[in-house]
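Protein chains in written order, with my numbering: chain A, 1 to 420; chain B, 421 to 585.
Keep in mind that the hints were calculated from the coordinates and are not lab data.
Positions of the beta carbon are idealized from the N, C-alpha and C atoms, including for glycine.
Some clues are possibly wrong.
[Stated by the list, open to error] Computed footprint of chain A on chain B; a stretch qualifies when at least three of its residues, placed anywhere within it, have a C-beta under 8 angstroms from a C-beta of chain A:
{"hint": "1", "segment": "437 to 450"}
{"hint": "2", "segment": "503 to 511"}
{"hint": "3", "segment": "518 to 527"}
{"hint": "4", "segment": "530 to 542"}
{"hint": "5", "segment": "559 to 573"}
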Amino acid sequence: MAMTITEKILAAHAGKDQVVPGELINARVDLVLGNDITGPVAIKEFNRIGAAGVFDRERIALVPDHFTPNKDIKSAGQSKIMREFAREHKIVNYYDVGRMGIEHCLLPEQGLVGPGDLVIGADSHTCTYGALGTFSTGMGSTDIASAMALGETWLKVPESIKFVFEGPLKPWVTGKDLILRIIGDIGVDGALYKAMEFTGSTIANLSIDGRFSMCNMAVEAGAKNGIVPPDQITRAYVEGRCRRPYRFYQSDPDAAYAKVYKYDATKIEPQIAFPHLPENCRAVSDAGHVEIDQSVIGSCTNGRIEDLREAAKVLRGKKVHNNVRLIIFPGTQDIYLQALGEGLIEAFIRAGAAVSTPTCGPCLGGHMGILAEGERCIATTNRNFVGRMGHPGSEVYLSNPAVAAASAIMGRIAGPWEVE
Amino acid sequence: MEFKGRTWKFGPDVDTDAIIPARYLTTSDPAELAEHCMEDAVPSFPPGFKQGDIFVAGKNFGCGSSREHAPIAIKAAGVSCVIARTFARIFYRNAFNIGLPIFESPEAAEDVCDGDELAVEASTGIITNLTTGRTYKSAPVPPFMQEIIAAGGLINHVAAKLGRG
Ligand code: SF4
Numbered sequence: 001m002a003m004t005i006t007e008k009i010l011a012a013h014a015g016k017d018q019v020v021p022g023e024l025i026n027a028r029v030d031l032v033l034g035n036d037i038t039g040p041v042a043i044k045e046f047n048r049i050g051a052a053g054v055f056d057r058e059r060i061a062l063v064p065d066h067f068t069p070n071k072d073i074k075s076a077g078q079s080k081i082m083r084e085f086a087r088e089h090k091i092v093n094y095y096d097v098g099r100m101g102i103e104h105c106l107l108p109e110q111g112l113v114g115p116g117d118l119v120i121g122a123d124s125h126t127c128t129y130g131a132l133g134t135f136s137t138g139m140g141s142t143d144i145a146s147a148m149a150l151g152e153t154w155l156k157v158p159e160s161i162k163f164v165f166e167g168p169l170k171p172w173v174t175g176k177d178l179i180l181r182i183i184g185d186i187g188v189d190g191a192l193y194k195a196m197e198f199t200g201s202t203i204a205n206l207s208i209d210g211r212f213s214m215c216n217m218a219v220e221a222g223a224k225n226g227i228v229p230p231d232q233i234t235r236a237y238v239e240g241r242c243r244r245p246y247r248f249y250q251s252d253p254d255a256a257y258a259k260v261y262k263y264d265a266t267k268i269e270p271q272i273a274f275p276h277l278p279e280n281c282r283a284v285s286d287a288g289h290v291e292i293d294q295s296v297i298g299s300c301t302n303g304r305i306e307d308l309r310e311a312a313k314v315l316r317g318k319k320v321h322n323n324v325r326l327i328i329f330p331g332t333q334d335i336y337l338q339a340l341g342e343g344l345i346e347a348f349i350r351a352g353a354a355v356s357t358p359t360c361g362p363c364l365g366g367h368m369g370i371l372a373e374g375e376r377c378i379a380t381t382n383r384n385f386v387g388r389m390g391h392p393g394s395e396v397y398l399s400n401p402a403v404a405a406a407s408a409i410m411g412r413i414a415g416p417w418e419v420e
Numbered sequence: 421m422e423f424k425g426r427t428w429k430f431g432p433d434v435d436t437d438a439i440i441p442a443r444y445l446t447t448s449d450p451a452e453l454a455e456h457c458m459e460d461a462v463p464s465f466p467p468g469f470k471q472g473d474i475f476v477a478g479k480n481f482g483c484g485s486s487r488e489h490a491p492i493a494i495k496a497a498g499v500s501c502v503i504a505r506t507f508a509r510i511f512y513r514n515a516f517n518i519g520l521p522i523f524e525s526p527e528a529a530e531d532v533c534d535g536d537e538l539a540v541e542a543s544t545g546i547i548t549n550l551t552t553g554r555t556y557k558s559a560p561v562p563p564f565m566q567e568i569i570a571a572g573g574l575i576n577h578v579a580a581k582l583g584r585g
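Chain B with its partners taken away, still in its complex shape (with noise of 0.2 angstroms):
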């Protein structure tokens, strides 16, 4: 699978009240999120965004709360793929729950710039930057992750676990 799509660059440490701030945790409607993705963090989004497009940020991206509303409203936003320099652990572990692709790339997280035309092939991690022709590695997907993204997230594998997937 490859994820197309221009870039959104965000710093270090983007915190989940940034991604989604409290306020609208009174719901866990997906689409009613969506809207109030990075509302804090770049008050002008989404204007120009379009289905598909990449964040990209620096180190501990996800960073705060536990609340699954934030891959939740990136991924309902129509954003393909995170990349960053690392994770933050709970949002890491949300993110695979739940079906948001990320990539763990110090390259990338320091190359890229906002804007830049991106492509990622999801299974080799590759990803390519089409605006300057770079390419640089991500970290590799342990393979328990992967066993969760080939169930179809985790509450998939665990239906299957108890033998009713």
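Just chain A, with the same shape it has in the complex (with noise of 0.2 angstroms):
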């Protein structure tokens, strides 16, 4: 029977020729990833289920990025805890400050998950590795306990809706544009415990962090995963950087969706989500009249090189406008240091922008950079709740590193047009 990326990729991970939508499977895990929130409860439950051991110390990632570098005794005492079960384990993948970076960026970019895997992490963005054609879903620390003791996880088999996009995207476009148009249209539970995979022409043109952004946005659509089918961008990406063989599945012809969406590209334009639900979207040239006081560049989002090559286009030789704080965090160490190398940082210090270790920072309202009450914040990251970046009664407003960084100089949100 025919069937789609993703039921292909849970099948093999099951010991199955074949699995339909709605079946309970057993599965093998490639991965388990647990941060300095979610590890701590994790080990908690570990250890109370007595294990021998982890199922291998090889296959658990441990990040702490979310209060780190630790902005206060209690998030210390959080790391401590990571650390020192890290060690007693011997786990292999354990990324302590100077080596970290924000998981969703580090784990592909180490290498640590590959084309076919199925990976499980207690964060909901663990779907972002769907964009080398990866099963990866979020959970929480309670199920990734039971994972690093078995080595598997019980997972429902979702239905699969299928958004096929086609033309050449216009100038400032991206895939953060893209996955924000799907979100503003199918609300944040409209593709709830589904699969959201992306096809089509504008989708195989789309470059490797694009497609990070678009997967990474999955869960803000309610979704299990987000996938895209790998290829020649995938292979560019993952060849001589994947640790384990990887494999390339791709859904047959004949798959059955539960729903399939059709974009023409050409007409999407970049996308603001106003306060308080990503699916709050409209184009920029939509937005009107919005200062704001703080712009975010970064995040599992968009905290990759392309991201920062963007944001420095419209940034180098300008000035951050004197009512705002511009704050940018590249993803990871090794993203720092390629930054570093293309004269970015060197353009956003310039510009009047702070630059930032990696860290999750402000985007969960951790550290680096929370906003006062009735304080108005544009940022790359993927959520925009109340009191996401601070006070219940500041605003976010979410946009793609270009149009954060045109908003920066012009103090109020712009599209990256309006400074060239």
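Fit the two chains together into the complex; they arrive one by one in their own frames, and the hints show the way.
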């Protein structure tokens, strides 16, 4: 029977020839992820199981990235729990401050996740790796604790929804704008419990970083996973990088989908998600006059090298508006180094931006750029819920990096074409 | 098992940042998390709230982050169960794993008003509105989830599987 790419990966990991949507399976996992918020809870639960040890010390990744470098005594305590666990169990993929990055930028970059893998993480944006043709999904700490012991997890096979984009993109339109447009159309529960598959000529030409941004926000539509069929662009990224053998799966042409959405990509403009849900999308040109106090460029959605290049294109030789704080977070140390080498960091600092070591920072209202009551921020992050970046009376607007950079210069939500 | 309590009604898409803001995630202590449960969503909560009271919400309850701290905070605050039109998928798993009873019932989510007294029979999923006398059905719990509940949560289930239960 015909299967989608998601179904094929799940079947392979459940040791089956075939699976159908709705079926409950027990699946082998290739990698299990935890961070400094979810990891300590998982470790506590893991210890309650009484397992002799972890199932495979090379297939667990622990990344303290949310409140690190630790912002206070309590968060330092959480990181310490992870560090001690990593030492005790000789966890190979433990990334402490100075070597760490935002987990969803770091894991693909370090070759820990690859096409055809099944990856689970105690972080909702684990779905990011679908950009490589991976099945990956977020779960809670207890599920992760159980997978660290067993090397397997139970899953319900999701139905798939296909999103087909055709045609070239307009200038300044990125993967972020495509996924915001989708969420604007189907809503924050439009793909609840489902797999989102992104295809078409637009996606076939989209960079790997653009694909990461799209799959990253699949969870913002309620999806279990987002996935892009692997191709030459995927191969160029994973070759020489992936530490384990990988496999390209493709959906059968006659596979069944719960729904198919078709988009004329040539008509899509850069998007802004207004507070307080990612589904409140409008074109930047329809945003009206929205003054901002802060602009944040980074996160697991848009903290990769291409994102920084886009921002630098706009910021080079310009000055950040007097009323705006611009904060830029490269996703990993390697991205940071690459940006240094390309002169992007200097361009940012000369423009008046603060550049930070990789961390989740203000994305979740953690530290390094918290908003006061009544303040407004444009951010390349993925969530704009009430209080997400600080005071419950503050506001977050989501956009791509070029728009966030242009807005920082103009002091209000603006398109990059306004500062050219 | 029957849950009985006053309804605290919420709208659609209650996210995990509203349930427990990230600024409190430097701890995983249930009692500490419970103190800040729903703080940004209903600044007046929990005055008037009694142990055993029930949350009723619209679609997509618990959307957003994977933080298990969200169902933990709700449970530790003394909420006996949550009824919603639908639940976000990670929240759904987490709630079962940590032992917070949840019920999907579009009818109840629509009809029940803030302040109504409810009785929920866990085994049948039948919800009775003691204020209006109406009853609602909820979606049956999948058999695998029932196994987890019967074992006393996922960890006990896994421990049993490893022969240590
Ligand atoms: S960057 Fe933001 S969304 Fe991504 S993992 Fe960190 S806190 Fe979560």
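Consistency of the hints with the structure:
Judged by the Cβ-Cβ criterion of 8 angstroms, the segment 437 to 450 of chain B is covered by chain A as claimed, because 9 of its residues qualify and three suffice. Counting residues of the segment 503 to 511 of chain B whose CB lies closer than 8 angstroms to any CB of chain A gives 4, which reaches the minimum of 3, so the coverage claim holds. By the rule of at least three residues with a Cβ nearer than 8 angstroms to a Cβ of chain A, the coverage given for the segment 518 to 527 of chain B is violated, with 1 such residues. Coverage of the segment 530 to 542 of chain B by chain A is violated. Counting CB-CB distances below 8 angstroms, 0 residues qualify, and the rule asks for three or more.
For a cut-off of 8 angstroms, the count of residues in the segment 559 to 573 of chain B with a CB near a CB of chain A stands at 3, and the three-residue condition holds.
Violation of the numbered hints given earlier is confined to hints 3, 4; the remaining hints are satisfied by the structure.
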